[in-house]
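Asks: Sequence:
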Amino acid sequence: MLTPTHLRFLSRRLPCSIGRGGLTGDKREGDGATPRGMHCIAGLLYRPDRMARPAGWALPIRPSDLWSDDPGQPDYNRMVRVPYPHSHETLRRADPLYDLVLLTDWNWPQAVPGRGSAIFLHQWRRPHYPTEGCIAFRRDHLLWIAQNIRPGTRLIVP
Numbered sequence: 001m002l003t004p005t006h007l008r009f010l011s012r013r014l015p016c017s018i019g020r021g022g023l024t025g026d027k028r029e030g031d032g033a034t035p036r037g038m039h040c041i042a043g044l045l046y047r048p049d050r051m052a053r054p055a056g057w058a059l060p061i062r063p064s065d066l067w068s069d070d071p072g073q074p075d076y077n078r079m080v081r082v083p084y085p086h087s088h089e090t091l092r093r094a095d096p097l098y099d100l101v102l103l104t105d106w107n108w109p110q111a112v113p114g115r116g117s118a119i120f121l122h123q124w125r126r127p128h129y130p131t132e133g134c135i136a137f138r139r140d141h142l143l144w145i146a147q148n149i150r151p152g153t154r155l156i157v158p
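With my numbering, the residue at position 116 of the sequence shown is 116, and numbering never jumps.
If you're looking for bench data, these hints aren't it; they were derived computationally from the structure. Quick caveat, the model's predicted, so the values are computed rather than measured. Glycine is no exception: its CB is placed at the ideal position from the N, C-alpha and C atoms. A few of these clues could be false.
[What the hints assert, rightly or not] Ranges between beta-carbon positions, derived for each pair:
hint : residue 1 : residue 2 : range
1    : 158       : 62        : 34 to 42 Å
2    : 84        : 11        : 39 to 47 Å
3    : 38        : 147       : 19 to 27 Å
4    : 11        : 128       : 19 to 27 Å
5    : 115       : 147       : 29 to 37 Å
6    : 12        : 82        : 36 to 44 Å
I would like the entire structure built from these sequences, with the hints used as guidance.
Replies: Printed below as a string of structure tokens:
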């Protein structure tokens, strides 16, 4: 279960950061909020040039991997590859924020345009620095989560 300051998982309390817009029951693209609800873990991505594979079901982030955040495109809220001329996030970043990413099923697989693109669990910039709507953790805590979580695990955001 997630609160604005921590996540409870397997009897541990892990500090985290949420979106700059706080928690919301009415998520919109660009609002910076973390959506309330019951979400499932749908995927695990990692940078093989920066870390060992954290779990058997983890997929590598390739140099050309992007995430579409353009609500006007049919591949909105999906992984896409370069070249991609529409609005997107680069998954293979220069900083370590996306070295390890847990994907949730927020607005996926059938994305509703404008309802908000991916909600990731990723590394934080610094303790409790807000995200754009994702949930961020210390690197070692995120790795521990990735090593102990399974696809379909529920993430409850009350």
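Asks: Is the gap between the beta carbons of residue 115 and residue 147 within 29 to 37 Å?
Replies: At roughly 31 Å between Cβ atoms, residue 147 and residue 115 fall inside 29 to 37 Å, so the hint holds.
Asks: Can you tell me whether the CB distance of residue 84 to residue 11 sits inside 39 to 47 Å?
Replies: Since residue 84 and residue 11 have Cβ atoms about 42 Å apart, the given range 39 to 47 Å holds.
Asks: Can you let me know if the beta-carbon spacing of residue 38 and residue 147 is within 19 to 27 Å?
Replies: Holds, at about 23 Å.
Asks: So the hint says 34 to 42 Å: do the beta-carbon atoms of residue 158 and residue 62 match that?
Replies: holds (36 Å)
Asks: Tell me if the beta carbons of residue 11 and residue 128 are separated by a distance inside 19 to 27 Å.
Replies: Since residue 11 and residue 128 have Cβ atoms about 22 Å apart, the given range 19 to 27 Å holds.
Asks: Cβ-Cβ distance between residue 12 and residue 82: within 36 to 44 Å?
Replies: Holds, since residue 12 and residue 82 (Cβ atoms, about 38 Å apart) stay within the stated range.
Going through the hint list in order, the structure satisfies each hint without exception.
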